[in-house]
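Number of protein chains: 2
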Amino acid sequence: MLNIQKSKKMKTDVLVIGGSAAAISAATTGKSFYPDKEFLVLRMEEKVMVPCGIPYIFGTLESSDQNVAPDKGLLDAGIKIKIDEAISLDLEKKICKSADGTEIEFDKLVLATGSSPKVPAWLKGADLENAFTIPKNKVLIDQMLVNCDLRKKIVVLGGGFIGVEMADELNKRGKQAVTIVEIMPHILSLAFDPELSIRAEEILRERGVNVITNEGVKEILGENGKVTGVLLNNGDIIETDGVILSTGYQPNVGLAEKAGIRLNQHGSIKVNEYMRTEHLDVFAVGDCAEKFSFVTRTLKGIMLASTACAEGRIAGMNLYKLSVVRSFGGTIAIFSTSFGDVSFAAAGVTESLAKERGFDIVTGTFEGVDKHPATLPGTHKQLIKLIVARDSGILLGGEIIGGPSTGELVNLIGLAIENRMTVESIMTSQIGTHPLLTAAPTAYPLIKAAEIAAKKHISR
Amino acid sequence: MLNIQKSKKMKTDVLVIGGSAAAISAATTGKSFYPDKEFLVLRMEEKVMVPCGIPYIFGTLESSDQNVAPDKGLLDAGIKIKIDEAISLDLEKKICKSADGTEIEFDKLVLATGSSPKVPAWLKGADLENAFTIPKNKVLIDQMLVNCDLRKKIVVLGGGFIGVEMADELNKRGKQAVTIVEIMPHILSLAFDPELSIRAEEILRERGVNVITNEGVKEILGENGKVTGVLLNNGDIIETDGVILSTGYQPNVGLAEKAGIRLNQHGSIKVNEYMRTEHLDVFAVGDCAEKFSFVTRTLKGIMLASTACAEGRIAGMNLYKLSVVRSFGGTIAIFSTSFGDVSFAAAGVTESLAKERGFDIVTGTFEGVDKHPATLPGTHKQLIKLIVARDSGILLGGEIIGGPSTGELVNLIGLAIENRMTVESIMTSQIGTHPLLTAAPTAYPLIKAAEIAAKKHISR
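As given, the protein sequences belong to chains A and B, one line each in that order.
Counting in our numbering, the first sequence runs from 17 upward without gaps.
Counting in our numbering, the second sequence runs from 17 upward without gaps.
Here chain A stands alone, though its shape is the one from the complex (with noise of 0.2 angstroms):
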């Protein structure tokens, strides 16, 4: 007799793909809207880690189990998980089939499939023991962690943001040596102006990680199988028996193109500005949605938890009506990261990058202090750069070096460029200020930098 398994059967209202930031925030904001709604989140694994805290498990945080991102809200607001592998999506019937054999059908599809590391496809060596890429999966970090607490020495390759935090949480926990090598003129480039990455650069180095800068990587060397060096594109060797990838991650798609959502020419799902693919009822979000600059209008590679929880919204509130709006206008690109006590944060676009797409900016930069009089313990310094549109004066984009106000100052500069608003309309605005919380009234880096940058594109 033929051992026939019937397949399961399940149905829902509204089916969420994925278990990060965009799943968990399309999926909240949705019930939350359409509360009448079922709504199934199908993730692959057990327990989500929280993505951007992933380099602090290798440093401040004691292991994985710290860095879970909690069930409650979903599970408060009713909505069900299954864990399971999506392989297959039926578009025409509207059904999904997963790993165990379940077929599920939905009302409303949103894909929020994320991404995975990206190795350059020329890079020798990369398949080595102990050359890592850093995974989101908690199980194969755990494995990772397990190994790099055995390494001596540890090479990062990319000195982005994760590759940064990585390489600072590395040398926290007490390596013989941490090294980034990037292969841009300075470490965070995508965010900063120059001036501002070599200050990082600087910490970084106070702190001992060595920073090797504007210099590529030929090969990552090995014996036996197992990570010995780094080869330099320069010729040096840089001696470790640990490689940390931190090269990039691409969009995971293969579910989308297999069921024959367009994509667009990065390779990432295209989508409108209700996040809607050109499947009426299937929306994507997240790392694996296509992206564009709130600024330039031009196609963007940028990944962020906090761009992916902001289309996660507008999704789950257009599943059902489209509002105007609700619709997103593009990644601002808000990043902010921490070490040692300083802070580092940017949104919009760099002078760089603005000069490049053919603007004509102005900039202002202040530097003054985030608690006043600056005699105050636990004062740090504060620095502001404003990038400006000369013609208008509309904010384009902010830089800023300071404290732990930091990650929300960087949202007042965001909300600024979402709002258009221009550096006379800062300088007019109301900031609060306290001895204790910010800088003073009279000297608030971010209105000094808007007067300095109002002066350059005003014509008196």
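Hints are supplied without guarantee of correctness; some may be wrong.
Since copy identity is lost for identical chains, a pair holds within one copy or between any two.
[Stated by the list, open to error] Straight-line C-alpha distance at most 30 angstroms; calculated DSS-like pairs for lysine-lysine:
(1) K140 to K154
(2) K27 to K88
(3) K397 to K188
(4) K471 to K98
(5) K109 to K286
(6) K471 to K88
(7) K471 to K96
(8) K27 to K191
(9) K154 to K397
(10) K53 to K472
(11) K286 to K110
(12) K397 to K152
(13) K134 to K242
(14) K96 to K472
Calculated directly from the structure, the hints in this document are not laboratory data.
Keep in mind it's a predicted model, so treat the numbers as computed, not measured.
Given the coordinates of chain A, work out where chain B should sit on it, guided by the hints.
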């Protein structure tokens, strides 16, 4: 022979009378926009105190020398300073006479004469020895500091921001007992709804400050001309050897009034949206100038250094050329403070005030944490309450309890109010997040509170 001293003469393009926040920002912004004009700041104090820093002289800081606002910004900009008291104004001849007999001729005048402590006329005992108001003058503060150090107990009358901060700082300095007496049902009730004020009261009590609310003061008791206690309306007597009257400030308008400049019904100098008085060449800014609410559009008595600075910048920019894009839309009243490691902040109207003024509102409250994952060291709870117009969804106010980022987070709320953002536009805003610096993107309290309010205001 008669001793006839010829009066000294001076001449300037712009005369700014006053030395604190409003004066500094009017002078520096004005000089920045009109660099060819001469600016003179005429002020009474040799050294200017950072106004909001004054309570911290009594605890965190060691002396008033650490709370001096630097003159560097003024001097570097080429602004002159004269230390003297303005005693009369002739607006016809555009001449200001100062106490040393100098006649200062000006083209434009900015009045930034500030405010002075106000004591209820009916309060018996306010003139006793060891009953203090909180001055802004360094010499008086130094005297008060010496005297306060000799007090064993202190009763602070008035639970506004300055009163609460003074009480907490004096408690830190190690008094036997520090007591706040507030006549309203709760402290800080101008800025916070009861559920937040109650949290502030709990924290102060945990820190050892006695907090008595809903209770008026009948009389300050004394013997031999010195304070011995405070008699409450309910008949209770609080024994004390020191009383601090934190019962508000009144605008310094004597000079303006004598010169025939029009005051409003609250005794503040009447100004328009360019901060101009009824005299074309005379502006008034800061505590001495009229305030009206951005949200309720009614006159207000609020005095804040941050509002004063915004007004100063507007006057500075409009001195020689009025510009509608550089006008003032009313005060948003952004408050923040901190005791222990908990910070409180508010912008716009409270729920109570909004209802009192006849707004039809909904609210959204969400409590999360200010880092993510919450297992990170130094994580604080973060509670946000938003007050929103029911029909339009426009944000009218926000209140926060949180950690060190609270001071900039409330500015984010302030900017959203100023841009008349709806809760839906806030929900779709891109908020940058980072594990060490902000809440999680999926549970960012500002967005979640907006979502909760949005659900109430939209009929679906």
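These are the hints, each one checked on the structure:
1. K140 to K154: This pair counts as within: shortest intra-copy Cα distance 27 angstroms, inter-copy 69 angstroms.
2. K27 to K88: Within one copy, since 22 angstroms is at most 30 angstroms while 70 angstroms is not.
3. K397 to K188: Classified as both; 23 angstroms inside a copy, 26 angstroms across copies.
4. K471 to K98: Answer is between; shortest inter-copy Cα gap is 27 angstroms, intra-copy 57 angstroms.
5. K109 to K286: within (21 angstroms within a copy, 70 angstroms between copies)
6. K471 to K88: Between copies only: 20 angstroms across, 51 angstroms inside.
7. K471 to K96: Cα proximity of K471 and K96: across copies only (21 angstroms, versus 56 angstroms in one copy).
8. K27 to K191: Result: close neither inside a copy nor across copies, 51 angstroms intra and 67 angstroms inter.
9. K154 to K397: between (37 angstroms within a copy, 26 angstroms between copies)
10. K53 to K472: between (54 angstroms within a copy, 18 angstroms between copies)
11. K286 to K110: within (19 angstroms within a copy, 67 angstroms between copies)
12. K397 to K152: Between. Shortest inter-copy distance 27 angstroms satisfies the 30 angstroms Cα cut-off; intra-copy 34 angstroms does not.
13. K134 to K242: Within. Shortest intra-copy distance 20 angstroms satisfies the 30 angstroms Cα cut-off; inter-copy 77 angstroms does not.
14. K96 to K472: between (55 angstroms within a copy, 24 angstroms between copies)
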